[in-house]
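**Q** Chain by chain, the residues run as shown.
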Amino acid sequence: MEELIQHLTPILKEIWGYIFPNEIELHWGILIVLYPYLTGLVAGAFILASLVKVFNVKELQPTYRLAMLTAMSFLIVAPLPLLAHLGHPEKAYEILITPNSASAMAMFGFVYAWYLMAVLCLEIWFEYRRDIILWSQKETGIKKWIHKIVSLFSKDISEKAIHFDKKWVKIITIIGIPSAFLLHGYVGFIFGSVKANPWWSSVLMPIVFLFSAIVSGIAMVLVLYMIITPIRGKQLDILCLDKLASYLFYVMIIDFSLEALDFVQRVYESEESIKILAYLVSNKLFISLVVIQLFMGMLIPLTMIALIKIFKSPPDLKKMVYFISAILVQVGIFSTRWNIVIGGQLFSKSFRGLTVYKITFFGLEGFFSAVVIFCLPFIILYILTKILPPWEEVRNP
Amino acid sequence: MENNISQTDKKVERRSFLKKLAILALAPIAFGFLGSTDKLKTIKKWMLENGYVPNNHKWGMGIDINKCIGCGRCAVACKNENNVPQEPFFFRTWVERYRIYEDGDIQVDSPNGSIDGFENWRTNKKMLRSFFVPKICNHCENPPCVQVCPVGATFKGEDGVVLVDSDYCVGCRYCIQACPYGARFLHPETHTAEKCTFCYHRIVQDKLPACVEVCPTQARVFGELNKKASPLVRFLRMNKIGVLKPSLNTEPKVYYANLDMEVK
Amino acid sequence: MKKFLQKIPEQVKRLSILLVVVVIVFIIATSLLTPKDFGLIGHFRASSVQNNANKKMQYAGQETCSDCHEDMWKTKNAGYHKNLSCEVCHGPSLNHVNEPDQFKPVKPKGRTFCPVCHEYNPSRPTGFPQIVTASHNPRKICITCHNPHNPTPPQTPKDCSACHAEISNAKSVSSHMDIPCTKCHKTSAKHRLSPREFLPTKPTQREFCGQCHSKEAKSDESIPRINMTTHEPRYVCWQCHYPHLPEAQ
Numbered sequence: 001m002e003e004l005i006q007h008l009t010p011i012l013k014e015i016w017g018y019i020f021p022n023e024i025e026l027h028w029g030i031l032i033v034l035y036p037y038l039t040g041l042v043a044g045a046f047i048l049a050s051l052v053k054v055f056n057v058k059e060l061q062p063t064y065r066l067a068m069l070t071a072m073s074f075l076i077v078a079p080l081p082l083l084a085h086l087g088h089p090e091k092a093y094e095i096l097i098t099p100n101s102a103s104a105m106a107m108f109g110f111v112y113a114w115y116l117m118a119v120l121c122l123e124i125w126f127e128y129r130r131d132i133i134l135w136s137q138k139e140t141g142i143k144k145w146i147h148k149i150v151s152l153f154s155k156d157i158s159e160k161a162i163h164f165d166k167k168w169v170k171i172i173t174i175i176g177i178p179s180a181f182l183l184h185g186y187v188g189f190i191f192g193s194v195k196a197n198p199w200w201s202s203v204l205m206p207i208v209f210l211f212s213a214i215v216s217g218i219a220m221v222l223v224l225y226m227i228i229t230p231i232r233g234k235q236l237d238i239l240c241l242d243k244l245a246s247y248l249f250y251v252m253i254i255d256f257s258l259e260a261l262d263f264v265q266r267v268y269e270s271e272e273s274i275k276i277l278a279y280l281v282s283n284k285l286f287i288s289l290v291v292i293q294l295f296m297g298m299l300i301p302l303t304m305i306a307l308i309k310i311f312k313s314p315p316d317l318k319k320m321v322y323f324i325s326a327i328l329v330q331v332g333i334f335s336t337r338w339n340i341v342i343g344g345q346l347f348s349k350s351f352r353g354l355t356v357y358k359i360t361f362f363g364l365e366g367f368f369s370a371v372v373i374f375c376l377p378f379i380i381l382y383i384l385t386k387i388l389p390p391w392e393e394v395r396n397p
Numbered sequence: 398m399e400n401n402i403s404q405t406d407k408k409v410e411r412r413s414f415l416k417k418l419a420i421l422a423l424a425p426i427a428f429g430f431l432g433s434t435d436k437l438k439t440i441k442k443w444m445l446e447n448g449y450v451p452n453n454h455k456w457g458m459g460i461d462i463n464k465c466i467g468c469g470r471c472a473v474a475c476k477n478e479n480n481v482p483q484e485p486f487f488f489r490t491w492v493e494r495y496r497i498y499e500d501g502d503i504q505v506d507s508p509n510g511s512i513d514g515f516e517n518w519r520t521n522k523k524m525l526r527s528f529f530v531p532k533i534c535n536h537c538e539n540p541p542c543v544q545v546c547p548v549g550a551t552f553k554g555e556d557g558v559v560l561v562d563s564d565y566c567v568g569c570r571y572c573i574q575a576c577p578y579g580a581r582f583l584h585p586e587t588h589t590a591e592k593c594t595f596c597y598h599r600i601v602q603d604k605l606p607a608c609v610e611v612c613p614t615q616a617r618v619f620g621e622l623n624k625k626a627s628p629l630v631r632f633l634r635m636n637k638i639g640v641l642k643p644s645l646n647t648e649p650k651v652y653y654a655n656l657d658m659e660v661k
Numbered sequence: 662m663k664k665f666l667q668k669i670p671e672q673v674k675r676l677s678i679l680l681v682v683v684v685i686v687f688i689i690a691t692s693l694l695t696p697k698d699f700g701l702i703g704h705f706r707a708s709s710v711q712n713n714a715n716k717k718m719q720y721a722g723q724e725t726c727s728d729c730h731e732d733m734w735k736t737k738n739a740g741y742h743k744n745l746s747c748e749v750c751h752g753p754s755l756n757h758v759n760e761p762d763q764f765k766p767v768k769p770k771g772r773t774f775c776p777v778c779h780e781y782n783p784s785r786p787t788g789f790p791q792i793v794t795a796s797h798n799p800r801k802i803c804i805t806c807h808n809p810h811n812p813t814p815p816q817t818p819k820d821c822s823a824c825h826a827e828i829s830n831a832k833s834v835s836s837h838m839d840i841p842c843t844k845c846h847k848t849s850a851k852h853r854l855s856p857r858e859f860l861p862t863k864p865t866q867r868e869f870c871g872q873c874h875s876k877e878a879k880s881d882e883s884i885p886r887i888n889m890t891t892h893e894p895r896y897v898c899w900q901c902h903y904p905h906l907p908e909a910q
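Protein chains in written order, with the working numbering: chain A, 1 to 397; chain B, 398 to 661; chain C, 662 to 910.
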């Protein structure tokens, strides 16, 4: 309590205009910024993976398994920031046993469980089953047992069984696409349905979340593929990279149009809140929204990729541009989440004032905790690639 | 005439007796089906330990802006009565001052929620109008905070009062985000959501909420909404009434008389 | 049946077992963890209503005070503070009700408490008694002159400005500064004792101002004149001109 008071007291002096006294404490901090960012990466990576299976985009085959494992490792970590920000993490199970059907947030547990178990785990299991069985036959010791348990001790690798697996991977992917839409569109709905907050309340919110999620997911797989492949001493598949960059480009165009539409609609309707929102954007959010999200995260990568596509360029230049663009996109999308979550709490619901967000460094809800949570998926991904190697060359013929 | 009445009375008595008998006969069977824990659900009328029946009440509050003198006694009493932390970041009720100047400038403030009083510095600008507005949880008929609570830790009771179950609250703060009136906060010690309860522990004992008890000018009126003889119904009859943010369709049960358009 | 079971691929069987285990664990955990009183009267724990009702009170309520302090209560209820609850000034006192000797309610003294309500503030409703502490008997403690349980002024105020400070301030810098209040407002002596019951009069007609400001008036030459018949005949003067500060726009 002492700490909180010490944290809040200097904020009193930085308030502009009038805000309700209970609004001085800003409730959803960096962890809640991280949460939609992480789930966005999950949904995006999965959609990318499904391009291979459902739409038969052959060029992306090298990234298929990597994308699935990326989605998996980010999904495992996604609930952690939520859990850490709760006042009582030990009571979190209540959301599963007495979910309030009217609450947008209550469905989280079920949407998450559905996506984790019915979609990701199943698809990975069917996809890897044959390989796992073959691996476990050759291996010894602990690895053998891990693979045996993961395969649920199944042994059937007859032609018929493999065919069955393939069919089901496709079916699950088809179910998975709307599920991924649900997972992240749903996160958008948690914000978009808060009618008290004009910055959040928008029907477009779930769709904007979704497309920015796909953008970030594709960019993340691109970055991971470009980092991991050279480390493994392998050659980057330039066709695959081109395709990834193209998809990134198209989805970014859609994302940009949606955000522009949202902006135009707000300005044109000019509701009661427009004055304070305009002030918010031109002051507190100028750097993070206009400079980072719009220019760095959107316009610069778009132009760079477009230029590369128009003027035939050497592969090395291409690779560099793709890599830089993907990194910029990551920063931009994180900034998007920041602007939505933090931005939505910087102005008062009296529409008469702005407050500030002062990040704390220590404690469960602090900056360092966010850094740890952000690093976790990469560690999990590393472990997953050891158990279920996604590389082409270890696949059994 | 009198005879007639007593006859019908007897009829009613007999009927209600038969009803009771039927209930007595059927109850064990019904409970066998429903399980004994559903007892309360079947007998909709249930009581608190002191005999208070929530079903029989519907509470609301009236606030007359023309009467408020901005003394902040309500905010002080609320903090005393409900163990609200004294720091200026946690309020179940507070008072705002509006100063609207002739040049169109509008100043709103609520230093320490009105507890420290309102400083009276002079400006050269000419005042058009000025007034105080007490704010409190609106105990909405359609409470957005209850709608969003993921676990059912905040709810609208049968008497219309929106309460928090602080033993069950997980502290996700979605309700704080969903409240359009800034009436909720997170208690810094229990880490659970907090809000005005109309002093529930007082009203079940026939006492007034603390803020109403101490208001020196009767700017706050508390009472029943569905009883004709209540002071609140009289308040609603005698004044032109407004509520805060009506466009959000929350249907507040805190009614303001002489509400100004600048109050949000 | 057996044939049908054999037809199910091996993978599906294994997954089904896992699924069944997960579902059973979930159902058992749900039934064990859900509070027994949840959902009885709505989507919440029914006992939480009782918990909210069980909180400890601090304020006793003024009816309780009257049980012991009847004389004081009667005095208060006859005076201007009749609407005030005892605990506005004396603080939360339920402890005092339960253990009268151990807990004593506060008694505000000095010059800081009364001005919480009575200090002049332009945002306060007009007619509410307000003073400017800096000029109102400096250094004197409020209760030496005013009995808080029956706060009539010790002497009836001599000047109108004692209560109507804002109007008096405005008038004192205006060109109407030399006109006494009673020229326009007939005020009975009783107004000083019961201000709300005996209200002063107010001018009702244009001709009242016309006594000085019409073209035909026999007043000082420096006073601005108008033609009463052509100058906005549909309005009364004070709809546009503030009589206490006629220079104001």
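These are computed hints drawn from the structure, not numbers from a lab. Please note: incorrect hints may appear among the correct ones.
[To be verified] One side of the interface only, derived from the structure: several residues of chain B facing chain A at Cβ under 10 Å: (1) 449; (2) 484; (3) 503; (4) 510; (5) 518; (6) 547; (7) 548; (8) 549; (9) 550; (10) 565; (11) 579; (12) 584.
[As the list claims (entries may be wrong)] Computed far set for chain C versus chain B, every beta-carbon distance over 10 Å: (13) 703; (14) 722; (15) 749; (16) 778; (17) 780; (18) 784; (19) 833; (20) 858; (21) 861; (22) 868; (23) 871; (24) 879.
In this text, a Cβ means the ideal position worked out from N, Cα and C, and glycines have one as well.
**Q** None of the hints should be skipped; say for each whether it holds.
**A** Checked hints:
The beta carbon of residue 449 of chain B is not positioned within 10 Å of any beta carbon in chain A (closest approach about 25 Å), and the interface hint is therefore violated. The closest approach between the C-beta of residue 484 of chain B and any C-beta of chain A is roughly 5 Å, which is under the 10 Å cut-off, so the hint is satisfied. About 8 Å separates the beta-carbon of residue 503 of chain B from the nearest beta-carbon of chain A, less than 10 Å, and the hint is met. The interface hint given for residue 510 of chain B holds, since its Cβ lies 5 Å from the closest Cβ of chain A, which is under the 10 Å cut-off.
Contact between residue 518 of chain B and chain A, as hinted, is not supported at the beta carbon level, the nearest pair being about 16 Å apart and thus beyond 10 Å. With a least beta-carbon distance of about 4 Å to chain A, the hint placing residue 547 of chain B at the interface is held under the 10 Å criterion. A least Cβ separation of about 4 Å between residue 548 of chain B and chain A falls short of the 10 Å threshold, and the interface hint therefore holds. Residue-level restraint check for residue 549 of chain B holds (minimum Cβ-Cβ distance to chain A is 5 Å; threshold 10 Å).
Interface restraint check for residue 550 of chain B: the shortest CB-CB distance to chain A comes to about 8 Å, inside 10 Å, so the restraint holds. At its closest, the beta carbon of residue 565 of chain B sits 7 Å from a beta carbon of chain A; the interface hint therefore holds under the 10 Å criterion. With a least beta-carbon distance of about 3 Å to chain A, the hint placing residue 579 of chain B at the interface is held under the 10 Å criterion. A cut of 10 Å between beta carbons decides the hint on residue 584 of chain B: the least distance to chain A is about 9 Å, and the hint holds.
In this structure residue 703 of chain C is not separated from chain B by more than 10 Å, as the shortest Cβ-Cβ distance comes to only about 6 Å. Non-interface status of residue 722 of chain C relative to chain B is broken: a Cβ of that chain comes within 10 Å, the nearest being about 5 Å off. Against chain B, the non-interface label of residue 749 of chain C is violated: not every CB pair exceeds 10 Å, the least being about 5 Å. The non-interface label for residue 778 of chain C is inconsistent with chain B: the shortest C-beta to C-beta separation is roughly 5 Å, within 10 Å.
With 10 Å as the threshold on Cβ separation, the claim that residue 780 of chain C sits away from chain B is violated: the shortest Cβ distance comes to roughly 7 Å. Separation of residue 784 of chain C from chain B is inadequate, the least Cβ-Cβ distance of about 4 Å not exceeding the 10 Å criterion. At roughly 16 Å from the closest C-beta of chain B, the C-beta of residue 833 of chain C stays outside 10 Å, upholding its exclusion from the interface. With 10 Å as the threshold on Cβ separation, the claim that residue 858 of chain C sits away from chain B holds: the shortest Cβ distance comes to roughly 18 Å.
In this structure residue 861 of chain C is separated from chain B by more than 10 Å, as the shortest Cβ-Cβ distance comes to about 21 Å. Consistency note on residue 868 of chain C: stated as away from chain B, and its beta-carbon is indeed over 10 Å from all of that chain's, at 30 Å minimum. Consistency note on residue 871 of chain C: stated as away from chain B, and its beta-carbon is indeed over 10 Å from all of that chain's, at 28 Å minimum. Chain B leaves residue 879 of chain C outside its interface by the beta-carbon criterion, the shortest separation being 35 Å against a cut-off of 10 Å.
In terms of the numbered hints stated before, the structure departs from hints 1, 5, 13, 14, 15, 16, 17 and 18, listed from lowest to highest.
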